[in-house]
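A.B. asks: Read off the chains here:
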Amino acid sequence: MSYSEVIKNFNKIRDYMREFFVYGFKSRDEYRKKSGRSYDDERRRLESWLGDYMKFRQTPEGKNVFLSIDSRVTRHNPLFKAWKAKSFTDGDITLHFILMDLLATSDRPLTIIEIAEQIDTYLSVFDDPKTFDESTIRKKLKEYAAEGIVCTEKQGKTVCYKGVQSTEALDHCDADMLDFFSETAPCGVIGSFLLDKKKEHQGILAFKHHYITSALDSEILCSLFLAIRGKKTITMESVSRNGGCVSENHVVPLQIMISVQNGRQYLMAYDTGYNRITSFRVDKITSVKTEEESGQFDEHREQFERMKQHLWGVSTQSRSGDRLEHVEFTVRYADDEQHIPKRLEREKRCGTVERIDAHTCRFSADVYDASEVIPWIRTFLCRLTEVHFSDKRLERQFKHDIKEMYALYDLEGGDGS
Amino acid sequence: MIFSELYSAYYNAVADIIRTALDHPVQKGELRRIVEKHAFGESVLSIEPAILEERWQIIKPDGTTNIRLAPQMPLTTIQKRWLKAVLLDPRVRLFLDDTDILPDVEPLFTKDDYTIFDKYADGDDYEDEAYRQRFRLIMDAIRNEYPIRIEMNNRHGRRVQRILMPKYLEYSEKDDKFRLIASGKTFNGIFNLGRILSCERFHGDCNTGDHTEVIPVMDSVVFELYDRRNALERVLLHFAHFEKEAERIGKDSYRVTIRYDKDDETEIVIRLLSFGPMVKVIEPEPFVDLIKKRLIAQKSCGL
Numbered sequence: 012m013s014y015s016e017v018i019k020n021f022n023k024i025r026d027y028m029r030e031f032f033v034y035g036f037k038s039r040d041e042y043r044k045k046s047g048r049s050y051d052d053e054r055r056r057l058e059s060w061l062g063d064y065m066k067f068r069q070t071p072e073g074k075n076v077f078l079s080i081d082s083r084v085t086r087h088n089p090l091f092k093a094w095k096a097k098s099f100t101d102g103d104i105t106l107h108f109i110l111m112d113l114l115a116t117s118d119r120p121l122t123i124i125e126i127a128e129q130i131d132t133y134l135s136v137f138d139d140p141k142t143f144d145e146s147t148i149r150k151k152l153k154e155y156a157a158e159g160i161v162c163t164e165k166q167g168k169t170v171c172y173k174g175v176q177s178t179e180a181l182d183h184c185d186a187d188m189l190d191f192f193s194e195t196a197p198c199g200v201i202g203s204f205l206l207d208k209k210k211e212h213q214g215i216l217a218f219k220h221h222y223i224t225s226a227l228d229s230e231i232l233c234s235l236f237l238a239i240r241g242k243k244t245i246t247m248e249s250v251s252r253n254g255g256c257v258s259e260n261h262v263v264p265l266q267i268m269i270s271v272q273n274g275r276q277y278l279m280a281y282d283t284g285y286n287r288i289t290s291f292r293v294d295k296i297t298s299v300k301t302e303e304e305s306g307q308f309d310e311h312r313e314q315f316e317r318m319k320q321h322l323w324g325v326s327t328q329s330r331s332g333d334r335l336e337h338v339e340f341t342v343r344y345a346d347d348e349q350h351i352p353k354r355l356e357r358e359k360r361c362g363t364v365e366r367i368d369a370h371t372c373r374f375s376a377d378v379y380d381a382s383e384v385i386p387w388i389r390t391f392l393c394r395l396t397e398v399h400f401s402d403k404r405l406e407r408q409f410k411h412d413i414k415e416m417y418a419l420y421d422l423e424g425g426d427g428s
Numbered sequence: 010m011i012f013s014e015l016y017s018a019y020y021n022a023v024a025d026i027i028r029t030a031l032d033h034p035v036q037k038g039e040l041r042r043i044v045e046k047h048a049f050g051e052s053v054l055s056i057e058p059a060i061l062e063e064r065w066q067i068i069k070p071d072g073t074t075n076i077r078l079a080p081q082m083p084l085t086t087i088q089k090r091w092l093k094a095v096l097l098d099p100r101v102r103l104f105l106d107d108t109d110i111l112p113d114v115e116p117l118f119t120k121d122d123y124t125i126f127d128k129y130a131d132g133d134d135y136e137d138e139a140y141r142q143r144f145r146l147i148m149d150a151i152r153n154e155y156p157i158r159i160e161m162n163n164r165h166g167r168r169v170q171r172i173l174m175p176k177y178l179e180y181s182e183k184d185d186k187f188r189l190i191a192s193g194k195t196f197n198g199i200f201n202l203g204r205i206l207s208c209e210r211f212h213g214d215c216n217t218g219d220h221t222e223v224i225p226v227m228d229s230v231v232f233e234l235y236d237r238r239n240a241l242e243r244v245l246l247h248f249a250h251f252e253k254e255a256e257r258i259g260k261d262s263y264r265v266t267i268r269y270d271k272d273d274e275t276e277i278v279i280r281l282l283s284f285g286p287m288v289k290v291i292e293p294e295p296f297v298d299l300i301k302k303r304l305i306a307q308k309s310c311g312l
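Top line first, the protein sequences correspond to chains A and B.
Per our numbering, residue 12 is the first one in the first sequence, and the count goes up by one each step.
Per our numbering, residue 10 is the first one in the second sequence, and the count goes up by one each step.
Any given hint could turn out to be false.
As the list claims (entries may be wrong) - Computed spacing ranges between beta-carbons, pair by pair:
no.: 1; chain 1: A; residue 1: Pro-71; chain 2: B; residue 2: Asp-149; range: 54 to 60 angstroms
no.: 2; chain 1: B; residue 1: Arg-64; chain 2: A; residue 2: Gln-213; range: 32 to 38 angstroms
no.: 3; chain 1: A; residue 1: Pro-71; chain 2: B; residue 2: Arg-204; range: 50 to 56 angstroms
Source of the hints: derived by calculation from the structure; they are not laboratory data.
Built from N, CA and C at the ideal position, the CB exists for glycine as well.
Kindly generate the complete structure, drawing on both the sequences and the hints.
C.D. replies: Right, here's the structure in full:
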């Protein structure tokens with residue numbers, strides 16, 4: 012098939028974009044091993060969509076292509092562009108604009124026969140007019156009714172179609188508001204679609220600490236929200252961390268957990284196979300099939316809300332086998348370092364902070380998985396006076412890591428000075 | 010369904026071409042400009058021949074159209090549900106007074122359906138009416154390019170006044186705070202909105218000629234990354250929002266360069282420290298010294 016910059020299936024480009032954006036060190040050969048000739052097409056598409064952000068580096072292994080985006084500068088998430096590149100047929104686009112026009116200009120609902128006749132009239136101005144049979148038109152109208160842009164009503168046994176007037180809500184919405192939420196709310200790409208309907212506007216908002224990769228998972232996230240709102244069970248497929256194997260899980264989706272410190276999104280769900288609530292990375296989910304309503308949704312949701320008082324991140328199970336793990340550490344700070352206790356307070360999540368004296372604070376928490384707290388504890392390196400984990404293996408690992416850091420910077424001997 | 014041609018750049022471009030054709034026959038150059046505005050780098054190579062060859066029978070080769078009304082696609086159900094969801098967010102009142110505009114629509118999500126679990130707890134108070142009024146005045150000042158006078162407590166707790174020309178607002182999801190970036194005399198031009206006590210339009214003489222513009226001073230840090238305990242993915246995702254470059258230097262080791270705003274250096278230091286021995290900063294030397302200084306201080310803590 013010849014190359015086209017628009018695509019039918021999002022999943023393949025989703026993988027490539029993530030690889031180019033997050034990693035970006037693979038050579039052409041490494042991609043080719045994985046997926047044959049498609050690498051060149053995918054790279055060309057990304058260049059067409061995101062040319063300004065594409066970078067190249069020549070290495071002994073070949074040319075590396077990567078996406079380099081400072082999301083503090085770009086203002087609008089450039090990855091949204093991929094969602095606006097769906098392919099269609101000549102018939103789809105012709106039918107779309109004619110259908111929307113004839114339904115908008117009609118003052119009454121129309122039957123399929125009337126619609127077909129009017130379409131022929133629209134097309135009669137062309138030398139070689141297209142023809143659309145009734146079943147094609149009916150199929151398109153059914154699709155549009157499902158999307159909510161066409162209404163159906165029955166007149167006797169005949170189904171009639173009429174247009175929907177529903178852009179008023181959008182007229183009430185400020186472009187800055189859509190701009191803000193398209194960057195910060197879940198499924199923000201939908202806000203970007205709405206923004207496309209507004210007159211061009213100069214954005215006055217910028218975003219710091221802004222993770223944009225989750226935009227690639229919008230369709231999956233949207234399906235999960237629809238299932239959650241409907242209290243439905245789902246069967247989902249996901250790939251393992253290295254992408255090697257695919258697993259299928261039958262779960263009751265309960266809530267989405269979002270990190271604004273690494274950009275990951277997780278589904279918290281009751282897994283019927285394992286009979287427990289667990290987390291799944293949204294970026295690893297490849298398909299979601301919505302099934303029957305779960306009679307136990309409310310019960311599982313309540314259980315999860317209770318669990319949150321012991322969740323640091325998203326892990327609901329310890330590595331030690333204990334139900335809960337205790338972690339505590341103390342930090343010391345000088346008179347002019349009052350930002351330290353403030354930091355502890357604002358970043359403590361489910362933990363507690365005690366002031367031991369004017370220069371010392373203790374943080375403690377009982378969590379499902381204390382290993383999740385470790386990266387945060389390390390941010391206090393230079394002032395940690397005590398660190399204790401109920402899982403002694405974890406404590407040894409933590410202290411060993413610090414020694415390893417000293418070694419990395421040749422600071423093993425004496426006081427390191 | 011989100012991945013649909015209904016939202017595509019091509020449909021948006023064609024809608025605009027039709028709008029123009031309803032006004033006057035669209036010329037080739039005009040068509041190209043419309044396509045460039047709405048679609049992608051190579052789109053014109055598809056759209057132009059599709060019209061000229063009469064494959065898309067909505068624009069005639071002479072630039073006129075058989076469509077009667079300017080295209081205005083109604084909102085889809087999913088668009089309305091998303092809009093309803095954000096209308097339930099307290100931050101929406103920064104922008105809108107009347108948020109009850111889709112009364113019969115089921116939201117796509119509510120605050121019960123998702124949690125941002127690692128944002129800081131001292132974010133701005135969006136429920137505060139005075140905060141919202143200040144926010145709107147600042148937005149208006151940015152839009153209409155007029156100076157404002159603000160009062161705020163400085164870092165020493167003293168009430169101070171500033172006259173400044175607001176440029177744009179910056180929001181951090183991690184901090185859950187807005188900052189105002191502005192130009193003015195003798196200050197660095199970044200103000201936390203949460204610390205502004207009052208704000209009004211300034212009608213006096215505001216000579217912007219001697220204002221200091223906020224131009225970020227960018228710097229780079231280079232570090233080696235050792236891929237143990239899934240560090241490769243964790244580190245690269247964590248720093249994904251920076252302009253960055255990664256290259257493989259060994260079987261499980263990588264060299265990563267990120268560009269950051271010099272003002273955020275301390276934050277970058279502690280973020281790198283959070284990855285423990287999986288990351289070693291190698292240059293520039295002053296940055297390496299910042300890491301070493303912290304580790305040396307840690308050694309003296311007797312852990």
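A.B. asks: Confirm or reject each hint.
C.D. replies: Cross-check of the supplied hints:
1. Range check, A/Pro-71 to B/Asp-149: about 56 angstroms between beta-carbon atoms, so the 54 to 60 angstroms window is met.
2. In this structure the hint that B/Arg-64 and A/Gln-213 lie 32 to 38 angstroms apart at CB holds, the actual value being about 36 angstroms.
3. At about 52 angstroms, the CB distance of A/Pro-71 to B/Arg-204 agrees with the hint of 50 to 56 angstroms.
Of the numbered hints given earlier, the model fails none.
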